[in-house]
Amino acid sequence: MIDILLSLLILTGAIFTFVGSLGLARLQDFYTRLHGPTKATTLGVGCLLVASAIYFSVRDEGISLHEVLVTLFLFITAPVSAHLLAKAALHLQVKSLAATPAAEPERDTSV
Amino acid sequence: MLDTVIPIAYALVSLALVLSLWRLLRGPDAPDRILGLDTLYVNTIALLVLLGIHLGNAIYFEAALLIAMMGFVGTVALCKYLLRGDIIE
Numbered sequence: 003m004i005d006i007l008l009s010l011l012i013l014t015g016a017i018f019t020f021v022g023s024l025g026l027a028r029l030q031d032f033y034t035r036l037h038g039p040t041k042a043t044t045l046g047v048g049c050l051l052v053a054s055a056i057y058f059s060v061r062d063e064g065i066s067l068h069e070v071l072v073t074l075f076l077f078i079t080a081p082v083s084a085h086l087l088a089k090a091a092l093h094l095q096v097k098s099l100a101a102t103p104a105a106e107p108e109r110d111t112s113v
Numbered sequence: 849m850l851d852t853v854i855p856i857a858y859a860l861v862s863l864a865l866v867l868s869l870w871r872l873l874r875g876p877d878a879p880d881r882i883l884g885l886d887t888l889y890v891n892t893i894a895l896l897v898l899l900g901i902h903l904g905n906a907i908y909f910e911a912a913l914l915i916a917m918m919g920f921v922g923t924v925a926l927c928k929y930l931l932r933g934d935i936i937e
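Just so you know, the sequences run in chain order A and B. Read the first sequence against my numbering and you will find it ends at 113, with the numbers running on by one and no gaps. Read the second sequence against my numbering and you will find it ends at 937, with the numbers running on by one and no gaps.
Isolated chain B, as found in the complex (with noise of 0.2 Å):
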């Protein structure tokens, strides 16, 4: 059951992945595209915990919560820069 479920997510979740991007490319203002990088990084996780029970390995969860770190770090440097024109005052 387990082997025709994982396709699908697979596929969902890379649809999620080509949405997100794309309102990162296209969207009109720049909280939009953070928004969109953000959620970029989510899908990504996603991604990656899938891939983990896929090929039964859990090495791939370090990468995953190296990425909700960073994504975290990096989505509120940019809120910053908008709010004040500045990162680190």
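So here's chain A without its partners, still in its complex pose (with noise of 0.2 Å):
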């Protein structure tokens, strides 16, 4: 029972790894590739830390947290850095297929 579940789990982690960069390899601009990392990539390795934690905590019959603190982490920084990323090609206005705003209004630089 808990093999099947771990397979599952695995099997949905992969896929949405692989799903995920091939977005980023094969989407037409920047801001759509921005897309396919920043959300399915970080669901499938969510999927695989939550297969890994499954395993290791009815194999050793004790709670596996190590895993928690990957996953509460990549869950956290990916947002972030896609905002960063996002805020950089605007910045140095890469190329849209749909229309952009077009430059960043002056503001508190101070972020």
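Bear in mind the hints are in silico, worked out from the structure with no lab data behind them. Note that the structure is a prediction, hence the values are computed from the model and not measured. For glycine and all other residues, C-beta sits at the position ideal for the given N, C-alpha and C. Just so you know, not all the hints are guaranteed correct.
Only pairs whose alpha carbons sit at most 25 Å apart, straight line, appear in this in silico SDA-like list of lysine to any residue [what the hints assert, rightly or not]:
#, chain 1, residue 1, chain 2, residue 2
1, A, LYS41, A, HIS85
2, A, LYS41, B, MET918
3, A, LYS89, B, LEU872
4, A, LYS97, B, ARG874
5, A, LYS41, A, LEU29
6, A, LYS97, B, TRP870
7, A, LYS41, B, ASN905
8, A, LYS41, B, ILE856
9, A, LYS41, A, GLN30
10, A, LYS89, B, ILE854
11, B, LYS928, A, ILE78
12, A, LYS41, B, VAL921
Pairwise CB distance ranges, derived in the manner of DEER restraints [stated by the list, open to error]:
#, chain 1, residue 1, chain 2, residue 2, range
13, A, LEU29, B, ALA925, 42 to 52 Å
14, A, VAL60, B, ILE936, 44 to 54 Å
15, A, VAL82, B, ASP934, 17 to 27 Å
16, A, SER59, B, ILE936, 22 to 32 Å
17, A, LEU99, B, MET849, 21 to 31 Å
18, A, ARG28, B, LEU903, 14 to 24 Å
19, B, TYR929, A, GLY64, 39 to 49 Å
20, B, VAL921, A, VAL60, 18 to 28 Å
21, A, LEU99, B, ARG874, 12 to 22 Å
22, A, LEU71, B, TYR858, 38 to 48 Å
23, B, VAL921, A, GLY64, 25 to 35 Å
Put the complex together from the two separate chains, hints included.
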């Protein structure tokens, strides 16, 4: 029973990881490419980490918390780095297929 | 069942690594390359977690945690450099 659950989680995680990178390689412009790795890949790695947590919790008969740490860190940092990348791309005025805001308005620059 | 699924997962994650490496080498603009590098880090974490399950050894998580932290710091530093031309002002 645990075996089937683990296999499902691992397969889902691997497929999502692959689809995220496929999006990174195949999509048209930077702003669409940003979606693949930051959403699909994060979910895929999350699935793999949950599978690993279940595996080691069952095997060692104690709750394994290493994976939770990695998962939390990954889920907190992925949106932050995506936001910074989007800001950098807007700053450099990377070509976009859709209409983007012309330039970043001059604001408080302490961020 | 795990013995059949894990090699498939290895193959998929390795393909994902190759795809993000391709974007890192090709990617027309600097943010594309940073995004490729970031995805490379995340895919490496996935591969390390798979390796940990396959070999039944929990020691690989320390490496995965380190890569997660260093990858995030690297991405933020590179983005700050693109935004400001300087990392620590």
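Hint check results:
Between LYS41/A and HIS85/A the alpha-carbon distance is near 12 Å, which keeps this suggested pair within the 25 Å criterion. Straight-line distance between C-alpha atoms of LYS41/A and MET918/B comes to about 20 Å, which keeps the hinted pair within the 25 Å bound. For the suggested pair LYS89/A and LEU872/B, the alpha carbons sit about 19 Å apart, so the restraint of at most 25 Å is met. Using a Cα cut-off of 25 Å, the hinted pair LYS97/A and ARG874/B holds, with the two alpha carbons roughly 16 Å apart.
A hinted pair counts as satisfied when its Cα atoms are at most 25 Å apart, and LYS41/A with LEU29/A qualifies at roughly 14 Å. About 20 Å separates the Cα atoms of LYS97/A and TRP870/B, which keeps this hinted pair within 25 Å; it holds. Taking the CA atoms of LYS41/A and ASN905/B, the gap is about 28 Å. The hint is violated against a cut of 25 Å. With a CA separation close to 22 Å, the supplied pair LYS41/A and ILE856/B stays within the 25 Å bound.
For the suggested pair LYS41/A and GLN30/A, the alpha carbons sit about 17 Å apart, so the restraint of at most 25 Å is met. Proposed proximity of LYS89/A and ILE854/B is contradicted: the alpha carbons are some 38 Å apart, above 25 Å. Proximity of LYS928/B to ILE78/A is assessed by CA-CA distance (about 18 Å); at most 25 Å being required, the pair is judged to hold. A threshold of 25 Å between alpha carbons decides the hint, and for LYS41/A with VAL921/B the separation of about 19 Å falls inside it, so the pair holds.
Between LEU29/A and ALA925/B the beta carbons are some 25 Å apart, a value that contradicts the proposed interval 42 to 52 Å. Checked against the hint of 44 to 54 Å, the C-beta distance between VAL60/A and ILE936/B comes to roughly 46 Å, which is consistent with it. For the pair VAL82/A and ASP934/B, the supplied restraint of 17 to 27 Å holds, since their beta-carbon distance comes to about 20 Å. With their beta carbons about 41 Å apart, SER59/A and ILE936/B fall outside the hinted range of 22 to 32 Å.
Between LEU99/A and MET849/B the beta carbons are some 43 Å apart, a value that contradicts the proposed interval 21 to 31 Å. The hinted range of 14 to 24 Å is not satisfied by ARG28/A and LEU903/B, whose Cβ atoms lie roughly 33 Å apart. Here the CB-CB span from TYR929/B to GLY64/A is close to 44 Å, well matched to the stated 39 to 49 Å. In this structure, VAL921/B and VAL60/A break the distance hint of 18 to 28 Å, their C-beta atoms being roughly 34 Å apart.
Under the hint 12 to 22 Å, the C-beta atoms of LEU99/A and ARG874/B, about 18 Å apart, fit the expected range. The supplied range of 38 to 48 Å is broken by LEU71/A and TYR858/B, whose beta-carbon atoms lie about 24 Å from each other. Between VAL921/B and GLY64/A the beta carbons are some 31 Å apart, a value that agrees with the proposed interval 25 to 35 Å.
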